[in-house]
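J.: This is what each chain is made of:
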Amino acid sequence: MQFSQEMNAFFQQTGKNRKPPIPGFCLSIFYSPSSILHLLFRRASIFYLLFSILFLLAESAHAAKIGDISETRMGEQALRFFTFQDASLRHALIGSILLGITCGLLGSFIVVRRMALMGDALSHAVLPGVALGFLWSMSKDPIAIFVGATLVGLLGSATVGLITHTTRLKEDSAIGMVLAAFFAVGICMITMIQRLPTGNKSGVDKFLFGQAAAISEGDVRLMAVVTVLTVLLISVFYKEFLVMSFDAGFARALGFPVRLIHHGLMLLLAFSVVISLQAVGVVLVSAMLITPAAAAYLLTDRMKRMLWLSAFFGMSAGALGAFLSFLGNNLPTGPFMVLACSVVFGLAFLFAPRHGAFSRWLRQRSRSARVRRENTLKSLYHVLESRNFRGESVTMHELAEQRRETVEDARCQALQLRRHELATLHEDGDEILFTPAGWQRACAIVRNHRLWELYLTNAAHIAADHVHEDAEKIEHVLGEEVVMHLEKRLRYANKDPHGRPIPSLQDVHQETRAPAGSKELAGYGKKD
Amino acid sequence: MTDFIPAFDFHRIFVDPWTQSASNFGWIVVMGFLVTTACSLVGNYLILRRMALVGDAISHSVLPGLAIAFLLSRSRSSAAMFIGALCAGVLTTVIIEVIHKKTRVKQDSAIGIAFSTLFAIGVILISLFADKVDLDQDCVLYGEIAFVPLEPLATLGGISLAPPSVVRMACITFLTILIIVFFYKELLVSSFDPGLAESMGIRATVVHYGLMALLSVVVVSAFESAGAILVIAMLIIPGATVSLLSNRLPIILFLSVVHAALSSILGLHLAIWLGCSIAGAMVVMAAVLFCLAWIFSPSEGLLQRVMRSGNFKPSDETSTLKIHEPNAAPVSNI
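Just so you know, the sequences run in chain order A and B.
Position 375 of the first sequence, counted from 1, bears residue number 382 in this note's numbering, the numbering being contiguous throughout.
Position 238 of the second sequence, counted from 1, bears residue number 261 in this note's numbering, the numbering being contiguous throughout.
It should be emphasised that the hints constitute simulated quantities derived from the structure, not laboratory data.
Please note that a few of the clues may not be correct.
Said to hold, decoys possible - Quick list of in silico lysine-lysine cross-link-like pairs, DSBU-like style, CA-CA up to 35 Å: (1) B:125 <-> A:311; (2) B:124 <-> A:480; (3) B:124 <-> A:246; (4) A:480 <-> A:495; (5) B:125 <-> A:246; (6) A:311 <-> A:246.
Unchecked claim - So these bits of chain B aren't anywhere near chain A, every CB distance computed over 10 Å: (7) 185; (8) 211; (9) 222; (10) 236; (11) 272; (12) 274; (13) 285.
Heads up, the beta-carbon is just placed ideally off N, CA and C, and yes, glycines get one too.
The whole structure should be built from the sequences, with the hints applied where relevant.
T.: This is the structure:
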């Protein structure tokens, strides 16, 4: 009988949470429903505006709402933010900046070491530690929670190591295992704490999504200590960390205490995760570690610069997250910080000068345009060659015939050549003439092509009718030095496998149009 | 401390649930079993393909899919939710692949970036619209396995059958089993040897995206009723456990179902004892089973190692080497 009463109590207790009219479904899938209610009661009509700008999801139903938004309230909030009159606000801001710096710095190392998801595992694994720390002091004592979380976090990372080298499970499975198992233990403990008479007001559940406003002065002090420690250790042992990150074998050969450095990094990582919990939350801490560092990784090749950039990104994202969450009347902070980081990463992904997708695309485009131009030059050369370099100009019709395309396409190509000052157009654009630069380039390309063909037949013993395709590709890539080397190896041969003459280096540099030595035909860009 | 950990009372924990409210606990166990079975079957393949953490990522990133589907359809219909989650799931895979392929950022970082971004968007969406959307009561029932028995039973032809979420989950689990049986060869070959699969005319990318779609479907339907923690854990733990016990895929699949059943029953009893979250307790039991397999596995258990070598000690050397091992099987070409 007593049992069924308990059952009833159990279901009533859980049933209580059915009351609030909110889409708790999505969040409560994550955590026990009671833990996330604090998120859901925020009045955030202001954010309809921001939201619709951000996501272009402005529905007609909200259109009426936008008019209602009190600009003043947003302005007031912003003013309050920038005057720093609230102590709690100051703490939130300083805390967010500090954690951004720490996470950015340490994240750089784990990103280049391909251990990015260790951060994820650590951040989930600390949850039982948080609960233990709470149980120890029976209050939200920062020090107790810090110690508990760090210890359990280290236990988690040690377990990952142990699983990977005592079983055949791969590292990703081991990380997933530890993450899920420790997190589940943490969830169980938190639900048990909430069952305690004092547990309901514990605020332990705030650790799931983070609330920067809940950062206390003690937290900020702790964060400052950890940040200073991190910066100090990284600057003192920079060389060790650097070598470890890129070449562990070399580090060992240099006599570095590799194991010690690895565990030191893990310890710092655990510290940074723990201080971030309050503001960012367990689920998203790993993003603060990975995303700024990955963005920096795309922007530079130097570790020092990467550390600076990553710390800067982390810092700005932290401040921005705190600001936005404050504007929206204490919305959860973590997601905004993470989104700010993601935007930075997205920009870096697209526009990074060397590794960005956009710049790569541009480079690729300009490369293929160059290849097209060079092919046109080559065709012009072939036309001239076919009539033994008699006459200077090539008509559009001849070019189109040579390239087996329409006259319009040929004209487009010719215009491209003129734009790059490789050729000039005459007779109402119907005749094309090489400029000196164009002539040199055409000779070089043909020379590359024929030398390569010869090399393939002579040195690689490929049949003469099979070498053209390959030479078509490589002619655009060969550098001058390689070509000279090729020529030497081919003993300065002057006929290609098909019996056509190979333009010599002299022809290329000569700036005259006719390799046959017909000097009387000199003169470019003008019609006789 | 007695407050925190209640006394162990065999009768209260193991007998009473089945004598006094069997229907409640029965449904919870059935639900847990269905969820863990579906997850562990899909999870086995993820582990084989070294994509264990992609499962984790997808289970986080379906959140914005759910939220947007909800906001657009203004209802909580399963169809909308499914489509939303499916899109979000496939989007995650695509983002991971694009980042991984187009830049020099490694796959692990790409996973971390993709899921955290989408998850953050989801959380923000929900907290922005929290006070705007009015929902009926059973919305909030989402995601807590303890609520399963509270649902009104679905009826078929006048006979009450089971809670609707259990029926739904049963369909999904059945579908998963069907797909695995039907495409057994394709999945097997493409998981172990993508090159061979390609030469046999199996389109690796199709299999890859198919698996991801199946994963998203399983994840979202399990989410509805069991909560994310159970999903994430059950994608990895059963597969990891049984891969310590056997080398044969059919045996692995079978054992992971056994693992699923054991952990859901034992987990329920643990939850009753400690009075904690049921899904959490199920995962804890699954992890305990993993530890048992880790210690006692006949082929590579810790105990076996100790007995075989006499002086087993983990060397740090291997661990650092493993960390720097280039990722042998990138997700993209699977």
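J.: For a C-alpha distance cap of 35 Å, please report whether residue 311 (chain A) and residue 246 (chain A) respect it.
T.: At roughly 11 Å apart (the allowed maximum being 35 Å), residue 246 (chain A) and residue 311 (chain A) satisfy the hint.
J.: Does residue 495 (chain A) lie within 35 Å of residue 480 (chain A) when you go C-alpha to C-alpha?
T.: holds (22 Å)
J.: May I ask you to check that residue 274 (chain B) keeps its beta-carbon over 10 Å from the closest beta-carbon of chain A?
T.: Non-interface label stands for residue 274 (chain B): nearest chain A Cβ at 16 Å, farther than 10 Å.
J.: Between residue 125 (chain B) and residue 311 (chain A), does the CA-CA distance stay at or below 35 Å?
T.: At roughly 24 Å apart (the allowed maximum being 35 Å), residue 311 (chain A) and residue 125 (chain B) satisfy the hint.
J.: So is residue 285 (chain B) really clear of chain A, every C-beta pair being over 10 Å apart?
T.: holds (15 Å)
J.: Residue 236 (chain B) clear of chain A by more than 10 Å, beta carbon to beta carbon?
T.: holds (20 Å)
J.: At 10 Å, judged by beta carbons, does residue 272 (chain B) keep clear of chain A as stated?
T.: Answer for residue 272 (chain B): holds, closest chain A Cβ roughly 15 Å.
J.: Take a quick look at residue 185 (chain B) and tell me if its Cβ sits farther than 10 Å from every Cβ on chain A, holds or violated.
T.: holds (18 Å)
J.: So residue 222 (chain B) supposedly isn't at the interface. Is its beta-carbon more than 10 Å from every beta-carbon in chain A?
T.: holds (25 Å)
J.: Is the Cβ of residue 211 (chain B) farther than 10 Å from every Cβ of chain A?
T.: holds (18 Å)
J.: Under the criterion that the straight-line Cα-Cα distance not exceed 35 Å, is the pair residue 124 (chain B), residue 480 (chain A) satisfied?
T.: Cα-Cα ~24 Å, so holds.
J.: Is it true that the CA of residue 124 (chain B) sits at most 35 Å from the CA of residue 246 (chain A)?
T.: holds (30 Å)
When held up to the earlier numbered hints, the structure conflicts with none and fits them all.
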